[in-house]
Amino acid sequence: MKKAILLGILVVVLIASCKKKKENPSCEAVEDGTIKLNLHHMVGPMAFEFNTDFTDDYGNNYQFTRADWYLRVPGFLEHDNITPIVSTNTHFKIDPEVLELTYGTIAPTALHNMQWGVGVDSTANHLDPNTYVTGSALSNQSPSMHWGWSSGYIFCVLEGLVDIDGNGSYDPLETFALHVGMDSNYKDGDNLHVNSEVTDGGTTTIQLSVDYSAFIDSVDLSIENSTHTMDNMPLAMKIANNFNKVLNLH
Amino acid sequence: MNKLILGFWCLFLLSCSDGKELESELFVINCFPLDSIPANFPPIDYPKDNLPTKERIALGKKMFYDKNLSADKTVSCASCHFATRSFSDTINVSIGAHGREGRRNASPLHNVAYLPRIFKDGGIPNLELQIKAPIEDHLEMNYNMHELTLRISKDSLYQKWSRLAYDRSIDAFVITRALANFMRTLISGNSNYDKGKLDTTILNASAKRGMKLFYGEQAKCYSCHEGFNFTNNEYMNNGSHIVYKDTGRARITLKSIDHGKFKVPSLRNVALTGPYMHDGSYKDLWAVLDNYQKGGSGQWNQHPNISQITFSNQDKMDLMEFLQNLTDEEFLNNDSYVYSLNL
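For the record, the sequence lines run as chains A and B. Counting from 1, one number per residue, gives the positions in the first sequence under my numbering. Counting from 1, one number per residue, gives the positions in the second sequence under my numbering.
Be a bit skeptical, because a hint or two may be false.
[What the hints assert, rightly or not] Facing chain A, according to a computed beta carbon distance under 10 Å, are these residues of chain B, among others:
hint	residue
1	49
2	123
3	132
4	136
5	174
6	252
None of these hints come from the bench; they were simulated from the model. No experiment lies behind these values; they were computed from the predicted model shown. Even glycine gets a Cβ: it sits at the ideal position worked out from N, Cα and C.
All chains should be modelled from the sequences, with the hints used to inform the complete structure.
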């Protein structure tokens, strides 16, 4: 009788362990794979650089001195753009020094469409940054990426110099400061067709390009050079409407 | 006499060495029981992650008076929120780090534990989140929460107190929770008006006439300044200005219907919280009463409650007498709110 019970337990344990690995007939251990995102920071066709001249759509020369923003990756979807493969809502705080991000680990599978957006979703946007572990994307940043007076994150901070009078130099008052936030300015981008494979214990790296000139597409920096959102909502909305052009497959 | 002796003991203990500092603070707090919320006040709804303890309050008080919270180490919370002014400032807009002028008149902090939202425009939902705003505002402390954490992490005393209060190293969580914890102890509810409910001889005849006006249909002050804290906690345009450079609540909601609306302030200790209005542009209570007497500025979004009031000079003096009796001397002179160490 005892032997029968023991045998029964053994069978149950065996079935349970194989159930998890049903796609693997040999029932060998399968390790999760890691999804990484590699970022290539660009300004149009050129590599991003601070304190380097670029030209906006209206012929104004400008330089970036700060370019921080939030990337949100809600998850990955099947070909149908509906069925989730993985849905770990993740925010990343990006600046041009950030070259690699780790989204997370999942069981081996094919990845098809990557969901993404610029900003912080309306739920996370109103949570307390002081409760996050130091170093996490939504914790307090230096320089700050959060508005204390309205309790919300700044989705993108673009600051720099602009040659407003076109005299070939950046005079002291020739600056731009584009700070965009508020729930209504969070924008999802079109899903990216990544078509990658997460392999057993491997690392899948998705190459992405960030175009900082896309943030200011159709923005005339000589006159549209300041928003802290509430004080210049039209300009903030204009920039937010450009968010979906910022990230592409590299 | 007993209070004097107790006060000397507090001072003596506060002058002790670092190792005794927390014990001294706790002693001072013990001098004034913090669970003595006035009977007519509702219970405080404490956040679950920040229940009050004496250690937390002591830590918050130390921070409240610490100029290290500002970028250039020139201003603390207490630099703009004076205890003897019900934790408000005496000037139109306060002077922050680097000598910069602020945007709005500093609000008094009494009874902030009861506010459903924080700031004159209600932009912040709770005290814990509010702490970050003045620390990072470039016109106030002009610092950064992350940098502040790094700065005060080096202070062994803060680390020790943080562990005692929150069982963790000092960080943004501890800073915001401790300060909020201290601020929730700023309870004011023992004015002559309050005492007069039990002893009808405390308010003089003029104050009683003023109270009748306050709660009467002629002035209808009560229609906005209601309840135990003399505020309905609503956002209203009181017609104090014709042009509002500061759009008030609309800054948060972006709705024109909220243009020029600001939170109805509590009137407790109001005689000491001037200058008045969101920008401090009304230098005294007479100016405020004059505005209500004439029915406000007639600004397009002015609340309909604000309409011309027929006041005699005696009426105004009586009303003023009543408002003077909303002053809570024990609160203003409560040693447990004062941090006397030289930080």
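Hint by hint, here is what the structure shows:
Taken as an interface hint, residue 49 (chain B) checks out: its beta carbon lies about 8 Å from the nearest beta carbon of chain A, inside 10 Å. For the restraint placing residue 123 (chain B) at the interface with chain A, the shortest Cβ-Cβ distance is roughly 5 Å, inside the 10 Å limit, so the hint holds. For residue 132 (chain B), the interface hint holds, the least distance from its beta-carbon to any beta-carbon of chain A being 4 Å, beneath 10 Å. Because the closest C-beta pair between residue 136 (chain B) and chain A is about 5 Å apart, less than 10 Å, the hint holds.
The interface hint given for residue 174 (chain B) holds, since its Cβ lies 9 Å from the closest Cβ of chain A, which is under the 10 Å cut-off. Using the Cβ-Cβ criterion of 10 Å, the hint placing residue 252 (chain B) at the interface with chain A is satisfied: the shortest such distance is roughly 6 Å.
Against the hints set out earlier in the document, no violation occurs for any number.
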